[in-house]
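Note that full-length UniProt numbering has the sequence shown beginning at 1, numbered continuously upward.
Bear in mind the hints are in silico, worked out from the structure with no lab data behind them. You can trust all of the hints, since none of them are fake.
Keeping only pairs whose Cα atoms sit at most 20 Å apart, straight-line, the calculated EDC-like set for lysine to aspartate or glutamate is:
{"#": "1", "residue 1": "25", "residue 2": "37"}
{"#": "2", "residue 1": "32", "residue 2": "159"}
{"#": "3", "residue 1": "25", "residue 2": "155"}
{"#": "4", "residue 1": "32", "residue 2": "158"}
Label pairs and their calculated CB-CB ranges:
{"#": "5", "residue 1": "136", "residue 2": "73", "range": "19 to 29 Å"}
{"#": "6", "residue 1": "136", "residue 2": "48", "range": "27 to 37 Å"}
{"#": "7", "residue 1": "109", "residue 2": "151", "range": "32 to 42 Å"}
{"#": "8", "residue 1": "165", "residue 2": "32", "range": "12 to 22 Å"}
{"#": "9", "residue 1": "127", "residue 2": "81", "range": "11 to 21 Å"}
Note that the Cβ used here is the ideal one computed from N, Cα and C, for glycine as well.
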Amino acid sequence: MGFILTGEKGKVLIVSYSYSGNTYKIAEAIQKQTEGDLQEIYPLIPYPMSFPDLLEQVKREIKEKYKPRLIVPNCSPEQYDTVFVGSPNWCGTIAPPLYAWLCRNRLEGKIILPFGSHCGGVQGDMKRDVARLCRKSDVREPLILMDDGGEGLTEKVEEWLEKNSLPRRILSQDSCM
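Make the full structure from the sequences, and use the hints.
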């Protein structure tokens with residue numbers, strides 16, 4: 001049994017950038033509960049695997065508000081009503097690939113639900129950071145989880161969806177959807 005969003009804000013897109021796979025695992029849990037379309041974004045030039053090199057590059061990109069070129073699916077967010085946007089927490093903010101995607105897409109009038117993963121570093125304010133880029137959108141409270149959310153990920157996502165007052169209905173197993 002899963003949840004889907006219904007009503008006037010029913011069409012769901014989940015956009016996720018995940019460096020290590022942690023954010024993607026959260027995105028998959030959201031997709032299972034909302035039955036939204038899941039789309040991964042990638043920087044055209046991958047990030048270094050060495051943590052010191054990654055950290056140096058990320059700090060520079062965030063400071064310069066760098067927008068990397070992206071490999072994105074052929075998917076227009078304009079056709080969706082609700083957009084979940086996921087990113088690792090890098091240096092207390094969203095990763096440059098998600099920053100670039102948000103800057104390049106029109107999300108006015110949509111419900112935006114940020115989600116992210118972290119490894120214990122500076123938390124930052126994901127809602128504020130996303131809201132600054134999506135000024136004419138309804139940006140809701142984010143879901144921020146340590147690593148990939150660990151045990152109980154499904155329940156954590158379900159509770160978050162409930163806290164954000166999204167219209168839902170339970171799909172029965174005999175549903176034709």
